[in-house]
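First to last, the sequence lines map onto chains S and Y.
Just add 193 to the spot in the first sequence (first one is 1) and you have our numbering.
Just add 193 to the spot in the second sequence (first one is 1) and you have our numbering.
Take these hints with a grain of salt, some might be off.
Remember, identical chains collapse to one label, so a pair may be satisfied in a single copy or spanning two.
[As the list claims (entries may be wrong)] Straight-line alpha carbon distances no greater than 30 Å define the calculated BS3-like cross-link-like pairs of lysine-lysine that follow: (1) K541 - K507; (2) K395 - K529; (3) K468 - K395; (4) K358 - K468.
Because the hints were derived from the structure by calculation, they are not lab data.
Number of protein chains: 2
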Amino acid sequence: MKSLFKSIEEKFYDKETPYLVIDLENVEEKYNILKHYLPFSEVYYAVKSNPHFEVLGLLNKLGSNFDIASIYELDRILSIGVCPDRISYGNTIKKSMDIKYFYDNGVRLFVTDSHEDLIKIAKNAPGSDIFFRLYLDNSGADWPLSKKFGTCSDNILSLVEEAKKMGLNPYGLSFHVGSQQKDIEQWDMALCLCKNIFDICKKNGYPLSMLNLGGGLPAQYLMKDHNNVNLYFSFIKKYLIKHFGKNLPRILIEPGRYMVAESGILVTSVILNTKKNDNDFYRWLYIDAGKFNGLIETLNECIKYPILTNRKGKKVEMIIAGPTCDSLDILYEDNKYLLSENLCEGDKVYFMSTGAYTSSYSSVEFNGFPPIKTYFL
Amino acid sequence: MKSLFKSIEEKFYDKETPYLVIDLENVEEKYNILKHYLPFSEVYYAVKSNPHFEVLGLLNKLGSNFDIASIYELDRILSIGVCPDRISYGNTIKKSMDIKYFYDNGVRLFVTDSHEDLIKIAKNAPGSDIFFRLYLDNSGADWPLSKKFGTCSDNILSLVEEAKKMGLNPYGLSFHVGSQQKDIEQWDMALCLCKNIFDICKKNGYPLSMLNLGGGLPAQYLMKDHNNVNLYFSFIKKYLIKHFGKNLPRILIEPGRYMVAESGILVTSVILNTKKNDNDFYRWLYIDAGKFNGLIETLNECIKYPILTNRKGKKVEMIIAGPTCDSLDILYEDNKYLLSENLCEGDKVYFMSTGAYTSSYSSVEFNGFPPIKTYFL
């Protein structure tokens, strides 16, 4: 790890902190591991997790497909030469004109979870392949997804029938177990529910042929409270066969966090290491990145990044806060971090596993601070 | 109100939602009201609340001074011709090189709340005027500030002495009662504590001569659970005289939210109005602005914006959510809003009082969506 920091410091010696470094080799490794363990699955990378051209270009080269949330992401993906048949419009919340924009650009794969959305798709993307998002309650996820997305099994059966009548192709199902899901059995339950819908649809004369497993695969953060991701793969495979047998439907998977999180190191500097009052128990460590320039997933201290420094000395529990004049911009207060009490202004503080949901979340200029810059190893 | 919407729709008929409209006349009115009620105070506008050049230019013309959080805000303020003696560096978290940058550009007024920060100021901004931020616990505020900022009275007494010994000018005190403070008596308590520090410092041979009242004045949001702001002014004046007598120290005030919030209307459109399941009790209203493009202060549903539409029909309680594939991007779920059940795709939804802490908080491109655009009436 020290040699990694050294190579970062040598390569980016002239860059001002904070900045994000992405190791593209790590992304390639993750892609290959996934294809190794789930060779039958088609990867639809969730572009929102890290939309940098370098990442997209690499994944395109490796053969990945792309799951897209907006017309802006579509423009980006098309600009690197991806064929529209390798794209799914995976946002259940879409404007009519955006559906038309996807359709006019050749995309034929759309998600839905509501009657009102389906009408818009039928009108603006006639004949397209539709997959229906099943609502799951996401217990066990560090970043659960709530009722904002998905609908119940019963409603899906109605939507399938409706889609057919509207001239669309009811094609498959999707679900999402919640981001950073720790409980592998969530996939077992989800697949059981999906198989049931597959069976009923077949009986009703609307056979489905695609299953989208969504995302949810975990990345390595501070808490070691989940199994190695390779175990996830073997169990997902086992559950798939348990419920669907050897003749699997077409399988899609939408990794985002899994694919890019561990490729990123956010390099920050200490601004101030102080006790707010002489009689305080904890020290406050103020650094030059915070919730508004890269670390928004520390909201409610949900994602606990591993944090490393090179400073020696007695380690004490510290509260960590960002540089803005906003009290919300405290990263960790309930979960103190053990760091050297000798940390000084200018000392580097490395936030590991920051490749996902960091740079694109940055604010444009809160407190005047510019968005986080990204460099590539 | 309807005529205001009509004039917005006429003037911006060719703009795509979402966008923010700022009424500069409203900002001017707020400035004049403040100067009318507190004529002895010097306004230091908190630039972070809305850093648009049009707002800054107007306030500069009106004679406002500026409270600044970063070197980037400093560049912006200097670029419109503001003299450095009308600027305070109001962030307690500063890099040494940033302090030097302010000093080299002529700024001589700095806040501090820690020994470590004071050493940096002494080295990089020798001889400057220093004000010390007193910690308050912010009960009664909708957006409290926590222990991230400020230090206790005892520590301030040490810092004052230390500053003097370092060749700085211990000049005054500041406090912040918390943003959107509903309890006017918080100012009474704060001023009592400040007067005590003034007295002790005078006795110790370090007389202070400036008092910075911070921000905290409320803007009109949905909850009518605070008094009219004019009452705040008269009580603040009363408390000042109660504690400091007729010979007030130099008084600074740092309004942000008060100055600009009510000048803003965020114009959004309905994407989808649906029930997630047939048997659900509440409807979901999905609109094209959310937490990541303008409405981040809906976090924990802290700030409840008044929301208006022109759509007629039976009003029902709705959950409101933004357009991204992120479950965090739900604006109001615990606090439902009564809106017409007939709202259709494309209907405008107006978020009132959105002039503060909206556009500069926008993410650069989360889910690909661009930052919110701002226009001026």
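Each hint tested on the structure:
1. K541 - K507: Close inside one copy (17 Å), not across copies (58 Å); limit 30 Å.
2. K395 - K529: So K395 and K529 fail the 30 Å test inside a copy (53 Å) and across (39 Å) alike.
3. K468 - K395: Classified as between; 26 Å across copies, 66 Å inside a copy.
4. K358 - K468: Between copies only: 21 Å across chains, 67 Å inside a chain, cut-off 30 Å.
In this structure, only the earlier hint numbered 2 is contradicted, and the remaining ones agree with it.
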